[in-house]
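Engineer: If you count by this note's numbering, then the sequence shown holds residues 1 to 607, one letter each, in order.
Quick caveat, the hints were computed from the structure, so don't treat them as lab data.
We put the CB at the ideal spot given by N, CA and C, even for glycine.
Mixed in with the good hints there might be a few duds.
What follows is a set of in silico ranges between Cβ atoms, one per label pair, in the way DEER data are often shown [stated by the list, open to error]: (1) Leu-425 to Gln-258: 30 to 36 Å; (2) Ile-154 to Ile-73: 36 to 42 Å; (3) Leu-223 to Ala-339: 48 to 54 Å; (4) Gly-402 to Ile-504: 49 to 55 Å; (5) Tyr-65 to Phe-235: 43 to 49 Å; (6) Leu-425 to Arg-501: 33 to 39 Å.
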Amino acid sequence: MTILGEDDNKVKELVKGGIDDIKSIDVKKSVQKCVSGASSGLKNAYETVKFKTTTREGLIGDYDYKFLFTPKIPFMKKSKKGDKNRSTFFAVDSSLPLLLAILLGFQHSLAMIAGIVTPPLLMASAANFDAQMTQYLVSAAMIGSGLLSLIHIIRFRIPGTHLYVGTGLISVVGASFSTITVFTTGLPIMYKSGVCPVSETGAPLPCPEGYGMIIATASLCALIELLCSFLPSKFLMKLFPPVVTGPVVLVIGVSLIQSGFKDWAGGAGPCFGRPTSGDFMLCPSNDAPMAAPWGSAQFIGLGFLVYVAILTCEKYGAPIMKSCAVVIGLLVGCIVAAACGYFDATPINEAPVATFLWTTTFPLKLYGPVVLPLLAVYLTIMMETIGDITATCDVSRVAVSGPEYESRIKGGIRGDGIIGSIAGLLTLTPCSTFAQNNGVISLTKCANRQAGGWACFFILMMGIFSKFAAAFVSIPKPVIGGMTTFLFTSVAVSGLAIISRNPITRRDRIVLTASLVLGLGATLVNNWFSFVFTYEGDNQSLQGFLDAIQLVMSSGFSVTGFVGVIANLIIDDDEEEDEDDKEHTLEICSSSSSITQVDLEAGQKVE
1 MTILGEDDNK
11 VKELVKGGID
21 DIKSIDVKKS
31 VQKCVSGASS
41 GLKNAYETVK
51 FKTTTREGLI
61 GDYDYKFLFT
71 PKIPFMKKSK
81 KGDKNRSTFF
91 AVDSSLPLLL
101 AILLGFQHSL
111 AMIAGIVTPP
121 LLMASAANFD
131 AQMTQYLVSA
141 AMIGSGLLSL
151 IHIIRFRIPG
161 THLYVGTGLI
171 SVVGASFSTI
181 TVFTTGLPIM
191 YKSGVCPVSE
201 TGAPLPCPEG
211 YGMIIATASL
221 CALIELLCSF
231 LPSKFLMKLF
241 PPVVTGPVVL
251 VIGVSLIQSG
261 FKDWAGGAGP
271 CFGRPTSGDF
281 MLCPSNDAPM
291 AAPWGSAQFI
301 GLGFLVYVAI
311 LTCEKYGAPI
321 MKSCAVVIGL
331 LVGCIVAAAC
341 GYFDATPINE
351 APVATFLWTT
361 TFPLKLYGPV
371 VLPLLAVYLT
381 IMMETIGDIT
391 ATCDVSRVAV
401 SGPEYESRIK
411 GGIRGDGIIG
421 SIAGLLTLTP
431 CSTFAQNNGV
441 ISLTKCANRQ
451 AGGWACFFIL
461 MMGIFSKFAA
471 AFVSIPKPVI
481 GGMTTFLFTS
491 VAVSGLAIIS
501 RNPITRRDRI
511 VLTASLVLGL
521 GATLVNNWFS
531 FVFTYEGDNQ
541 SLQGFLDAIQ
551 LVMSSGFSVT
561 GFVGVIANLI
571 IDDDEEEDED
581 DKEHTLEICS
591 SSSSITQVDL
601 EAGQKVE
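With these hints in hand, go ahead and build the complete structure from the sequences.
Structural biologist: Written out as structure tokens, the structure is:
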């Protein structure tokens, strides 16, 4: 409660004493006005709820719900009513009928769920967690997404300032794909250095300590994004232009495709590479149902089925199917896999009915070697956030320039920084806004925050009922691989889209080449820097520093980011050379046009 023109503490004391005891008429009027405003707000809220639940207009409205579920059948005549609904746009703060808000929110949650559960599945695999712990990470990821997304959707102002936290748009957050590479490169170093345990035979054991170290360090490193939210937008764009951030996102996507493709062929675990002895000669293990060697035709076929189902939904699906095509593709793969006997229902049967955050905890401790890679991750996330929010503003039909736009950008970065800082305390990995969110808004033409609130509700419920998370854990690896490879490739395509936002000059080509040389090289041959340092002493600080350098140089996106920033700052922009190239091209085009015209006048055909 804010009272303009009066001291807050003084007002609180006056309110405690009762309004009748207030001697100052001005303060009394202010308090009465505030109390009246609160009463009016409650009354309006009551009237809104009553209207939404007791009237046909508020409950159902006049929307053609059939349009959402009508597939695109070839040679079928389109209805004029469908065209009318296709042109209907639900603005950010418009009033939606309750049923429509619930349906659009459920549709949005289905579109988001595949991206939300994928990172914890891969991170749990990197830490060698069992099914029970993996199921908790999936549940926690959904619960965290449902709760933390509300920070962006609701958007609130920091008291006493003009600064906002959140975007005020439908900005769904989830575990960032950018952090997966930190886990997949950092945890092997932890096993090698003795931080994570191994068996007598050298096989890696579950490492909750390593997971706790990374999420604790990530919570601290998230402060850099929070601090950057107070910097001028022009400075951030100069330091991290698309020519720097685009290659980073591209390399992240390329590195993730490797793990997705391994799962597609049977799994990225111990069975990868077809070992000739032991318990993992077959995937996912020798005693698993329908086990087969890695790369078997049946595994490739299951993943390809998911891939084809996704494309079929995009081609012929109804609007609600197109926005959640990835989930439908996953569902089709699961149905076929279950019918063929690939499913192991044990995790589902053993999972509790419900769960919540902190039912499983991890020891939180800082781990120095991952600091530099995580700083690079958060800078990348920040620039991704700027692009995602800009796209969200565009598809939501709100300002994409000016004070309102900059306020949303700063609020979004600030919100992501706060979310990243508290994510580790919620046992979550770093979270950020999701780009696929914009595709859903564009397709459904629904940018309404009421629908966003319902989407958060459904995601939260899916996380609380842990049987749902256990079902994801039980999905065969080839089915998961078919879905995740599609998602990871879309991440790489997003990087290409960022790069191509502006015309690429000769200078840009040099910056791109300089950053991608090391980035793609480190991604394709990730042990290229493993033999540079040969230190074997007892100095733990020095060993940690050397491990940090090795981790940065082995992480393609980190190398790409650091080299890209340096190259962008030191390479001059040769505008004169670009102008000469344009003039030279123009002269050639002009000459060609003249020759063509002469030939045409002479009646000759020009090939």
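Engineer: Any of the earlier hints contradicted here, and which numbers?
Structural biologist: 4
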